[in-house]
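S.K.: Could you slot chains B, C, D, E and F onto chain A? The hints should help.
If you're matching them up, the sequences are chains A, B, C, D, E and F in order. Converting from the first sequence to our numbering requires adding 2 to each position, the first position being numbered 1. Converting from the second sequence to our numbering requires adding 2 to each position, the first position being numbered 1. Converting from the third sequence to our numbering requires adding 2 to each position, the first position being numbered 1. Converting from the fourth sequence to our numbering requires adding 2 to each position, the first position being numbered 1. Converting from the fifth sequence to our numbering requires adding 2 to each position, the first position being numbered 1. Converting from the sixth sequence to our numbering requires adding 2 to each position, the first position being numbered 1.
There could be a bad hint or two in this list.
Note that the list lumps identical chains together, so a pair holds whenever it fits in one copy or between two copies.
[As the list claims (entries may be wrong)] In silico DSSO-like pairs for lysine-lysine, Cα to Cα no more than 30 Å straight-line:
| no. | residue 1 | residue 2 |
| --- | --- | --- |
| 1 | K169 | K30 |
| 2 | K169 | K218 |
| 3 | K152 | K218 |
| 4 | K68 | K189 |
| 5 | K211 | K4 |
| 6 | K44 | K156 |
These are computed hints drawn from the structure, not numbers from a lab.
Below, each chain spelled out in residue letters.
6 protein chains.
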Amino acid sequence: MKILIINPNSDLEMTLAIQETAGSFVEKNIQVTCIQTPGAPKFIETYEDQIKAAPGMIKIVRENEKEYDGFIIACHCDPNLDVIKEITVKPVVGIGEASMKLASMLGHSFSVISMTEQSIPNKEALIRKYHLQDVLASVRAPTEQHKNLKEEEKYLETAKLAIIEDKAEVIVLGCAGMTGVDKRLEKELGVPVLDGVVSALIILIGLIKHNLSISKIRRYRSSKS
Amino acid sequence: MKILIINPNSDLEMTLAIQETAGSFVEKNIQVTCIQTPGAPKFIETYEDQIKAAPGMIKIVRENEKEYDGFIIACHCDPNLDVIKEITVKPVVGIGEASMKLASMLGHSFSVISMTEQSIPNKEALIRKYHLQDVLASVRAPTEQHKNLKEEEKYLETAKLAIIEDKAEVIVLGCAGMTGVDKRLEKELGVPVLDGVVSALIILIGLIKHNLSISKIRRYRSSKS
Amino acid sequence: MKILIINPNSDLEMTLAIQETAGSFVEKNIQVTCIQTPGAPKFIETYEDQIKAAPGMIKIVRENEKEYDGFIIACHCDPNLDVIKEITVKPVVGIGEASMKLASMLGHSFSVISMTEQSIPNKEALIRKYHLQDVLASVRAPTEQHKNLKEEEKYLETAKLAIIEDKAEVIVLGCAGMTGVDKRLEKELGVPVLDGVVSALIILIGLIKHNLSISKIRRYRSSKS
Amino acid sequence: MKILIINPNSDLEMTLAIQETAGSFVEKNIQVTCIQTPGAPKFIETYEDQIKAAPGMIKIVRENEKEYDGFIIACHCDPNLDVIKEITVKPVVGIGEASMKLASMLGHSFSVISMTEQSIPNKEALIRKYHLQDVLASVRAPTEQHKNLKEEEKYLETAKLAIIEDKAEVIVLGCAGMTGVDKRLEKELGVPVLDGVVSALIILIGLIKHNLSISKIRRYRSSKS
Amino acid sequence: MKILIINPNSDLEMTLAIQETAGSFVEKNIQVTCIQTPGAPKFIETYEDQIKAAPGMIKIVRENEKEYDGFIIACHCDPNLDVIKEITVKPVVGIGEASMKLASMLGHSFSVISMTEQSIPNKEALIRKYHLQDVLASVRAPTEQHKNLKEEEKYLETAKLAIIEDKAEVIVLGCAGMTGVDKRLEKELGVPVLDGVVSALIILIGLIKHNLSISKIRRYRSSKS
Amino acid sequence: MKILIINPNSDLEMTLAIQETAGSFVEKNIQVTCIQTPGAPKFIETYEDQIKAAPGMIKIVRENEKEYDGFIIACHCDPNLDVIKEITVKPVVGIGEASMKLASMLGHSFSVISMTEQSIPNKEALIRKYHLQDVLASVRAPTEQHKNLKEEEKYLETAKLAIIEDKAEVIVLGCAGMTGVDKRLEKELGVPVLDGVVSALIILIGLIKHNLSISKIRRYRSSKS
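If we strip away everything but chain A, and leave its shape as in the complex, we get:
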């Protein structure tokens, strides 16, 4: 089984972090590769960033469709996920969709830890798109009070607030760049913490094994089919 993880931005460091998480998770008989997107911004924050990433992402999928058994979009705002689901017959999983739907199976409600305050409305819109608003405890970003903390401590403190004040029962790491910290946070918080990359691999490996893919009958039918 060969899986290609597309990091929609062009940041090498994040690509390597995702690669490491993925490599640690999969069995030896699965070959998993993570590549960054040529022409994409260093970080996907705005709608324009998403648009800029699209041509490179489409190109990657088209060039690798035959060789790989499935694709993961490894940015938690699932940029261009609809178009990627549309253009290939191979299964495609977004880390945002996978981690939040998995979270809904592990507890009464979940909170998403986001990088910045600005990204909260966008994340809320994504959550509604996936019909998950009624299982959502909150979307939270580190605030002023956390500004002197290290990155990982910021997420930890933000997650604590989500658990106590918003009654979250599961924590979703809302950025691919947070990959690798889930198990440490889980230990401190005492609730399940979901890493997007791992979540997407869980779903995608299963789909590939059972030869399942995106329905091509209407919404995701490409113009060629």
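M.R.: For chains B, C, D, E and F alone, coordinates are given in the frame of chain A:
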């Protein structure tokens, strides 16, 4: 007042039809121009078509931001509307959003007449995005039984079914390419029929006159601001 | 084009304020008149106030239907809007409905600034009636802490809380009596602020120009038709 | 215990029918009186009909508040229920609200049998107001195919369609004028059939016995309190 | 009329308290008996507690179906209510469902006072099951700050917070063990306070009097029917 | 890795069918065992059937918790899933929840093929519990017209109707007893068909590999913890 209507596809005929509708609607003191999008497909149907239209649309807005007072996206699936709202400080209106929200003010429920069966799920997703699912009577496309009719008659017969079977009280023309037939259909159907281009002009002219635009505080803040 | 704005209460001062806002907004070729409602209370706060305003409002519409091209109900709780939509074939717009639906086109979510705490549940019920609850950030009224401020400052401070604590991206002025302060608040707040009277004029002028009105097929069919 | 049932229309025959249903239902220690509304139309169908009934209804409540322990509004569209709840400290129950909320306790979903097609959107709006849309199987009115049947047979045939086609598990009689036929329909249909007057009496008698009434803290606080 | 109230736990003290509330409420011609459930835990808190109570509850209903005219399940989480509705042809009412649906008729929104923080998600899930989430102000339990208060004072202080901070207009006592304190709380709080046992009696007495019961057509059809 | 699949009924044939599906799906390093539930009915159809299965299911989990790494509940109505999630610290997956949430990732909407008409309301209630009602195209059971077909053909014809009339894009097999036919149906239908057992294995294997389990902080905390 100067308004630029962006036809997200590259079809000249549709551009001219939109221009005619717009020209007939606006007062003389308003200058309205419709242009097609360079590099875009002839018709926007798939998610990939939307992505292909994006760079041209962004370019048009960037090059014309100073000269024009506001922009209309003239394709009823509102392709790339979020990114256009984000990149300019001038007001932007999509014909899908404008026509469906206006429809909700004119009756108990509305139906959207769509070109093809395939576009129905996509339209439903758009309607949910705008939180309009509870005012929707149905999305309907002409079916096999209408295949020998002329285009305009197809919409008319489809709208009749929406009114009788789905109890629609208002009809929304679900494609910019249907522009110009609203008043004839309205006469035959006996209920309000909304043309997307006209609907968007109603909203945009008002916004420009009162100096209103998209909120830049969070969701639509561009990376430069 | 002749527009009649019905102030559902009998307060002359508020009527004049609405008249001034409307007069400043419309082009010279539009004649707009605002009248208060005979027999109505000075201020519409309770359900009984709404009922008391009804006969006068109906009388105004019946007596002026031929002369005017459309009507605006200028109280933000849209009292008797359904019945007015029902009894006339001319287009009717409520300032509550118009301003809140317009707000939904300008940002991720909006907050309504209400006069008093007591009116909040009523406003929430109205928002649900318009299917807008999922775009609502909050309904807020000035609280004890604002009691020594001037009216306009009260709204400003309340709006600031809505933007910061409820993450509102657009502010809606929830009372016709607040008319005229929108642009000053907008400047202070940095987000769009919607005046109900202006919002309703935007919609109504468009409807009249394109000869659109309320659907008479079922919900708003009068007993005579 | 003394209960006053207000028939919001001025039809004597319907008043007597309601009186009979109520008289048969209550124990001897309860005195129940049904009166029609002076100045109201013969039948409440439009929004204007509702408005016309309001002054008479308010007058009845004001004049009888001391003498009676509670009030029922006996028209299934619950006309002016909000204002009546507001103006009196005695408990008030609408037959629409009572019968539909009771129906939700007796099965998976319910259908409302309505008099006319035109009243369906209005009834749907009422159902949404009561947050019951997710328990609703359908609102149905007799159609052309039933036109030669007697009234009672019309409701029976319409209810059969609701049970088979819409999978309704409970039937709600959607008009006070249908009172008295519930038990015969129940026998034929094999599912619970709810009469509005009986449903409201069930709730109101209980409220009076335990000295419960409408909350006066905010939404239903009258201007005098 | 003979009513059997099933206390799903095995606590004699709570059984007696329920019996007292019920005895005080009903007329003399109604015979009401409350029994605890053999084999059930002392207190129903977890899902396993609910399961443990089921066999005893089913046995009680089967053995008493002929003798009694209807059943009440007297635990506010309505344990095993679906199965009890299914196995008997006599009407069955849960105190959770009855009290919360009654609450929705008495004000704009209600809050449930729960015994413990842990039970909040479970209660929220129940509220969604009954489609009441949009009328809910909050579910609240006493917190650390109330730990030194007597039980009754804890509920009082928690209810005060619900009214002020969550804008609740009606209070629902979220545990059968709170029975008997409703009128004292009501006096202090100034809003209606609903006791579950009384609420269920109101509904059940009405159902029995009019010979109404649970629909047996589909969802609650037992395997024998 | 050792997985225990609990067939909540006592049917040996179904147990063997599930065992076969599971055995074919998993890698060699995973040991998967399916056992039926002692004391449970042959087929789970009613709420009482679910209750009867509970003690045996709880016993199985308690006796096998140490030996196995995770559990699957292999009946599509997910009987007693909440209590099983509560009593063990090992991950638990229901085939209903897993297959329907997976379906929501593969297309715009899904339909569930149910065994009997009677089970439809129950399934709808389950779908609402999982917040999936907005992604649901329909729940369908074979009807009279299919009565002479073989079982597998019944599902096929029912699924065809779901795809054409309800516009389903993904089919979910709504009974563990349908296991094994997914790939044949998929071939005929041209859309993804989800087998519950496979879907649950996909999720559970992933959870076990990454050491994830049900949140024990509130809703699923057992009384012992």
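S.K.: Now, for every hint given, state plainly whether the structure supports it.
M.R.: Evaluated hints:
Taking identical chains as interchangeable, the C-alpha atoms of K169 and K30 are never at most 30 Å apart, the minima being 39 Å within one chain and 40 Å between chains. In this assembly of identical chains, the alpha carbons of K169 and K218 lie at most 30 Å apart only when taken from different copies (12 Å versus 39 Å within one copy). In this assembly of identical chains, the alpha carbons of K152 and K218 lie at most 30 Å apart only when taken from different copies (28 Å versus 45 Å within one copy). For a Cα distance limit of 30 Å, the shortest separation of K68 from K189 across copies, 21 Å, qualifies, whereas the shortest one inside one copy, 41 Å, does not.
Taking the closest pair of Cα atoms, K211 and K4 come within 30 Å of each other both inside a single copy (11 Å) and across two copies (19 Å). In this assembly of identical chains, the alpha carbons of K44 and K156 lie at most 30 Å apart only when taken from the same copy (22 Å versus 43 Å across copies).
Violated hints amount to a single one, hint 1; each of the other numbered hints is respected by the structure.
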